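Keeping their order, the protein sequence lines are chains A and B. The C-terminal position of the first sequence is numbered 311 in my numbering, with every residue numbered one higher than the one before it. The C-terminal position of the second sequence is numbered 311 in my numbering, with every residue numbered one higher than the one before it.
Don't read these hints as lab results, they were simulated from the structure. All values derive from a computational prediction rather than experimental measurement. It cannot be assumed that every hint is accurate.
Identical copies look the same in the list; a pair holds intra-copy or inter-copy alike.
To be verified - List time: in silico EDC-like cross-link candidates among lysine to aspartate or glutamate, alpha-carbon distance up to 16 Å: (1) K223 with E280; (2) K283 with E259; (3) K251 with E290; (4) K311 with D189; (5) K304 with D289; (6) K256 with D289; (7) K44 with E290; (8) K263 with E280.
Protein chains: 2
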Amino acid sequence: MLPIVKGILEGERRSLAKAISIIDNDERDSHRIIGEIFSKTGNAKIVGFTGSGGAGKSSLIGKLVPNFQALGYRVAVIAVDPTSPITGGAILGDRVRMQNAIDDNKVFMRSIASRGALGGVSKSLRNVIRILDAAGYDLVLVESVGAGQLEVEISKIVNLTAVVFTPNTGDNIQAVKAGLTEIGDLYIINKADIEGAMALFNSVLDLIGETERKPVVLKVSAKTGKGIRELATAIDKILRARTSNYKEKERKMLELELKDMVLNRIVQRAISMLNENDKYFLFVDELASKKIDPYQAAEKLAAVILK
Amino acid sequence: MLPIVKGILEGERRSLAKAISIIDNDERDSHRIIGEIFSKTGNAKIVGFTGSGGAGKSSLIGKLVPNFQALGYRVAVIAVDPTSPITGGAILGDRVRMQNAIDDNKVFMRSIASRGALGGVSKSLRNVIRILDAAGYDLVLVESVGAGQLEVEISKIVNLTAVVFTPNTGDNIQAVKAGLTEIGDLYIINKADIEGAMALFNSVLDLIGETERKPVVLKVSAKTGKGIRELATAIDKILRARTSNYKEKERKMLELELKDMVLNRIVQRAISMLNENDKYFLFVDELASKKIDPYQAAEKLAAVILK
Numbered sequence: 005m006l007p008i009v010k011g012i013l014e015g016e017r018r019s020l021a022k023a024i025s026i027i028d029n030d031e032r033d034s035h036r037i038i039g040e041i042f043s044k045t046g047n048a049k050i051v052g053f054t055g056s057g058g059a060g061k062s063s064l065i066g067k068l069v070p071n072f073q074a075l076g077y078r079v080a081v082i083a084v085d086p087t088s089p090i091t092g093g094a095i096l097g098d099r100v101r102m103q104n105a106i107d108d109n110k111v112f113m114r115s116i117a118s119r120g121a122l123g124g125v126s127k128s129l130r131n132v133i134r135i136l137d138a139a140g141y142d143l144v145l146v147e148s149v150g151a152g153q154l155e156v157e158i159s160k161i162v163n164l165t166a167v168v169f170t171p172n173t174g175d176n177i178q179a180v181k182a183g184l185t186e187i188g189d190l191y192i193i194n195k196a197d198i199e200g201a202m203a204l205f206n207s208v209l210d211l212i213g214e215t216e217r218k219p220v221v222l223k224v225s226a227k228t229g230k231g232i233r234e235l236a237t238a239i240d241k242i243l244r245a246r247t248s249n250y251k252e253k254e255r256k257m258l259e260l261e262l263k264d265m266v267l268n269r270i271v272q273r274a275i276s277m278l279n280e281n282d283k284y285f286l287f288v289d290e291l292a293s294k295k296i297d298p299y300q301a302a303e304k305l306a307a308v309i310l311k
Numbered sequence: 005m006l007p008i009v010k011g012i013l014e015g016e017r018r019s020l021a022k023a024i025s026i027i028d029n030d031e032r033d034s035h036r037i038i039g040e041i042f043s044k045t046g047n048a049k050i051v052g053f054t055g056s057g058g059a060g061k062s063s064l065i066g067k068l069v070p071n072f073q074a075l076g077y078r079v080a081v082i083a084v085d086p087t088s089p090i091t092g093g094a095i096l097g098d099r100v101r102m103q104n105a106i107d108d109n110k111v112f113m114r115s116i117a118s119r120g121a122l123g124g125v126s127k128s129l130r131n132v133i134r135i136l137d138a139a140g141y142d143l144v145l146v147e148s149v150g151a152g153q154l155e156v157e158i159s160k161i162v163n164l165t166a167v168v169f170t171p172n173t174g175d176n177i178q179a180v181k182a183g184l185t186e187i188g189d190l191y192i193i194n195k196a197d198i199e200g201a202m203a204l205f206n207s208v209l210d211l212i213g214e215t216e217r218k219p220v221v222l223k224v225s226a227k228t229g230k231g232i233r234e235l236a237t238a239i240d241k242i243l244r245a246r247t248s249n250y251k252e253k254e255r256k257m258l259e260l261e262l263k264d265m266v267l268n269r270i271v272q273r274a275i276s277m278l279n280e281n282d283k284y285f286l287f288v289d290e291l292a293s294k295k296i297d298p299y300q301a302a303e304k305l306a307a308v309i310l311k
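Excised from the complex, chain A in its bound form:
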């Protein structure tokens, strides 16, 4: 057993932090670490929080953590930071606000970067969760910003997705319609103390009320603390109610993960084969001189690579 794995299993924070860096940077030891801890995983429940920047997700999570602890959970938080797809530089979000809210040594908190390809985040996130799971954290909260493909990816990894809306960040029916209606198990109207909260609450209720899944819609205020305990209880209740489905859901997740990993290896292999194959550049020449069209070229070149 690697010394770092021993540290992880003992919940030693420095080992955890180091292991997460190794996973997040996809360093060589990733495979061995995951290989050695994998059999110890499968206990953690994972809750995703998503919504626009400024919806107050970090503060909300900060207030939820002690409530989850009161319910008996060992809580860890992972924030997925949006990064520039080119430079890979993470925007430093309002992590500080969350950190301030949680003055507690018992919580483990880390940001990971949503760099590059979408598949990259999923892979990193799945394995970071495994590290925390093996270390004994049984509730992992995953925060991400936005309403795009990334959130859909994350919703496939978590057991429950909470979507956070707030009246003052331009969230309106259009934003609500833009894709977050499908992924949420729970909708949270944050900043319920400010103007427009009730109207937004009603809009979300109307839109979501039509769907068959009938997700819970709740109003809270991270600032005043109103509704936070009820929210923690609601999440706990949903997680408990779903316990019977976990094995099935975990199998589905593993199926998807294995497919992603295999396809990734095949694509890497195909890229090397392409770059080393003279035919690739010959076809590009023929395309540039319009002697062949892209569909024909792709058909022929794929046949060469697949043969």
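With chain A fixed as given, assemble chain B onto it according to the hints.
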């Protein structure tokens, strides 16, 4: 020659609209249409406009079009609409505003949906541009919303990327840093008549001034029309200055496109092989019972598929 191809080459609008639908929905005739028009393409210049929702891109494009026409261009506009990654339903943007601004039969305008996988948009967009190119449009303006992977994809397809910022949509240094500093050849501060425009202009200038590419930064107001003619002239100038590099850039784009198309075929093939291979589900069983870890399973299964 397909009758629709004859219509395209004659610039007949109904044929154009129909051909674009066929391409955008990836219908069976896509291959044949592109195959038949491909040798007639390569004349259009393509300019991408990106920026947050509310930055006024549609109005700006609406005002630019007559100026480009005055410079001798036949102009077409493609708007890439953000869609829910799950339902595929497009948000109806402010196309109407653009349509109102351009009261001219000589412009061709179409929305395409940015559905599903990122690669899908690129493929659709490249081929829709080819249709317009073959129909004789020599300037294609592509509008898209956002600062994500999609815009990076689009920047690889266009000859010039213009990034639109505006003081009143929450654009600030952080937004500017979030990934749009790398893709722009031209930065436009729209709504230059409102408060905060000068500060934003200076910020962009500072941030971009540091970069080696030295892109142009301009203030305009689509509302008052101020600076619009100068913007059209600046874009025209950049396009003309780059003419010598087009062949090389087009080759690079074709190289990338061919790679995407070949990899796509290989992935489709690999997915079918996976779904039909019993070993896939056996490995999922072993993963679910923690007898094997994901890296080992992926390694072994990839070897089975690749053999």
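Right, here's what the structure says about each hint:
no.: 1; hint: K223 with E280; result: neither (58 Å within a copy, 47 Å between copies)
no.: 2; hint: K283 with E259; result: between (35 Å within a copy, 12 Å between copies)
no.: 3; hint: K251 with E290; result: between (52 Å within a copy, 13 Å between copies)
no.: 4; hint: K311 with D189; result: neither (46 Å within a copy, 42 Å between copies)
no.: 5; hint: K304 with D289; result: within (14 Å within a copy, 37 Å between copies)
no.: 6; hint: K256 with D289; result: between (44 Å within a copy, 11 Å between copies)
no.: 7; hint: K44 with E290; result: between (55 Å within a copy, 14 Å between copies)
no.: 8; hint: K263 with E280; result: between (26 Å within a copy, 12 Å between copies)
Checked against the numbered hints given earlier, the structure breaks hints 1, 4 and satisfies all the rest.
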